[in-house]
Amino acid sequence: MIQAEDRRFHQHAGVDWAIASPAPALRHRQGVGCAALRYSVHRIRRADATITGVAPIISVSNLSKTYASGFQALKSINLDIRRAEIFALLGPNGAGKTTLISIICGIVNPSEGAVSVDGHDIVAAYRTVRSMIGLVPQELTTDAFETVWATVTFSRGLFGKPANPGYIEKVLKDLSLWDKKDSKVMTLSGGMKRRLLIAKALSHEPQILFLDEPTAGVDVELRKDMWQVVRTLRASGVTIILTTHYIEEAEEMADRIGVIAKGEIILVERKDELMRKLGKKQLVLQLHNRLTGIPPNLAVYGLEVNADGSELMYTYDTRAERTGISALLKDLSTAGIVFTDLNTTQSSLEDIFVDLVRKSK
Amino acid sequence: MNFRAVRAIYLFEMARTWRTLMQSIVSPVISTSLYFVVFGAAIGSRIAEIDGVSYGAFIVPGLIMLSLLTQSIANASFGIYFPRFTGTIYELLSAPVSPFEIILGYVGAAATKSVVLGLIILATAGLFVPLRIAHPVWMLSFLVLTAVTFSLLGFIIGIWADGFEKLQVVPLLVIIPLTFLGGTFYSVNMLPPFWQTVTMVNPVVYLISGFRWSFYEIADVSVGVSVTVTLGFLALCLGAVWWIFNTGYRLKT
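Taken in order, these protein sequences are the chains called U and B.
Position 203 (the first sequence) corresponds to 203 in the working numbering; numbering is contiguous.
Plus 361 on top of the position in the second sequence (first one is 1) and you've got the working numbering.
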């Protein structure tokens, strides 16, 4: 029964599997580009301002958080979130993702630094700021004994919005919870509870939506349906910040990606830029005779030789119209360079993410 | 002022009362009625009048106060503790509401329930013993003031508690003994001089004394002192709540 309800949500969301098919994987040769991606945050912010020319909707400045136990969860974070973008914040457990979100939403007090939302300080203008924000928490925290309708209506009232049964009805229908409106929350499946949390977060028509690991523990099919809901929200002008462990979620959804580790932002990059930088592959040739240098007629290929001269490496863009491999092999033959074996290496965003996180330790 | 949020919290809490009608209203009414039957009709008929008031009628204000105190604390403490326990407190903390509005919603609902319960018990008492209310406005004022004050105390307990057991500790180990020893079933003047002095440390004495005065114009302490002590305790609770929200104690890390 519960599964049937989830499936109805899936049908209602009208997921077009052709559209919802996975985006091209973000690829990069392991190690290549990592250093280049490690921009200083200030440089990124200046670059963003130049590109967009629009004030960020969220601006985090030198934000730090040290808990009473002495654990420093955030270390001087600087981050700008643009209007109507989907920003994915990636990081391992304990990296500081939830702490960052909780501070912006008013649940956790910052130790140092400032956050402004749409130009308003989150402390001084907390009413204005919080009425703009919807939060879907990581845990399935719900009022077990309330009905779906009551708990969503409560959320709208709590955020100071006048009663609007029509809007609540639309939200519940959009999330395929309408036929459960009179059911107690405790009777809902996990997937439905997750959608209920989204409905509660949307009940006051927020301009910014925080999704803290929204698809944790959700099956693949439902996860894709949720992605579709998020895309629809973004299309309506809602800015979405999601944290996730799933790299594919970031690949699928995000306009920009940020990586946080040990309380520090170690990467912020546009997804398409990442695609460009990471969408590369490396061809490694095992040479018959060691090379001491690159012959001049091969300089155009940007080849690299390993330390002992036994391997020749060629990095190319898999998405380019021509990879240049055929020409390279021909020119190698012309230059009299013989190879005994060849292989290609390719790393996913996940590899890059893991590498970044490991190096940050 | 976010009146809609106050209303939402208030209605949410009041809705819980209807869902738990047996626990919230019926159960305390039945237990208090049993007190009237046992101490009012059965034993009370063998006890002499106190200051010209039959024993059954004499204990009515104290029994109402007993229910008022325990239910105010129970309603308010559970109201704020349960969201903390389930984790739904995140919504309250991330909402555009001030501490005052949160208090108004939770304490307002808890106090409303207690006052309604007190009035129901009063009406029930009228079925068992002859009642006279000399100062109805003062009676209602004491009822509301005590309900609000102890709902605030309940709210503080709900913030302080880190388990369901602690929610029960204060009502069971502190409030009920203080109420029983605070003149519910006797006049303080009936105690030996030494214990008369000791019992004046018990704040519930002042609540019951003032409340009983509004019924029968008899009091163990002057009504002015009763009101002052009650207002003083209210101020103490307000100070504690202000400190909680100012520091984020048990709410924000």
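Read the hints as simulated data drawn from the structure, not as lab findings.
Fair warning: there could be bad hints in the mix.
[As the list claims (entries may be wrong)] Covered stretches of chain U, going by a simulated chain B footprint (3 or more residues, C-beta under 8 Å):
#1 126-132
#2 173-184
[Said to hold, decoys possible] Straight-line C-alpha distance at most 27 Å; calculated BS3-like pairs for lysine-lysine:
#3 U:LYS170 - U:LYS184
#4 B:LYS527 - U:LYS262
#5 U:LYS224 - B:LYS613
#6 U:LYS161 - U:LYS224
#7 B:LYS613 - U:LYS75
Treat the numbers as computed from the prediction; the structure is a model and nothing was measured.
All residues carry an ideal CB built from backbone N, CA and C; glycine is no exception.
Okay, the hints, checked on the actual structure:
1. Figure legend: the stretch 126-132 of chain U, annotated as covered by chain B; annotation consistent (6 residues with Cβ-Cβ distances under 8 Å, at least 3 required).
2. With 0 residues having a Cβ less than 8 Å from any Cβ of chain B, the stretch 173-184 of chain U misses the three-residue criterion, and the hint is violated.
3. Under the criterion of a C-alpha separation no larger than 27 Å, the hint pairing U:LYS170 with U:LYS184 is consistent with the structure, at around 19 Å.
4. A hinted pair counts as satisfied when its Cα atoms are at most 27 Å apart, and B:LYS527 with U:LYS262 does not qualify at roughly 36 Å.
5. Pair hint U:LYS224 plus B:LYS613 does not hold up; C-alpha atoms about 34 Å apart against a cutoff of 27 Å.
6. At roughly 31 Å between alpha-carbon atoms, U:LYS161 and U:LYS224 are farther apart than 27 Å, so this suggested pair is violated.
7. Straight-line distance between C-alpha atoms of B:LYS613 and U:LYS75 comes to about 19 Å, which keeps the hinted pair within the 27 Å bound.
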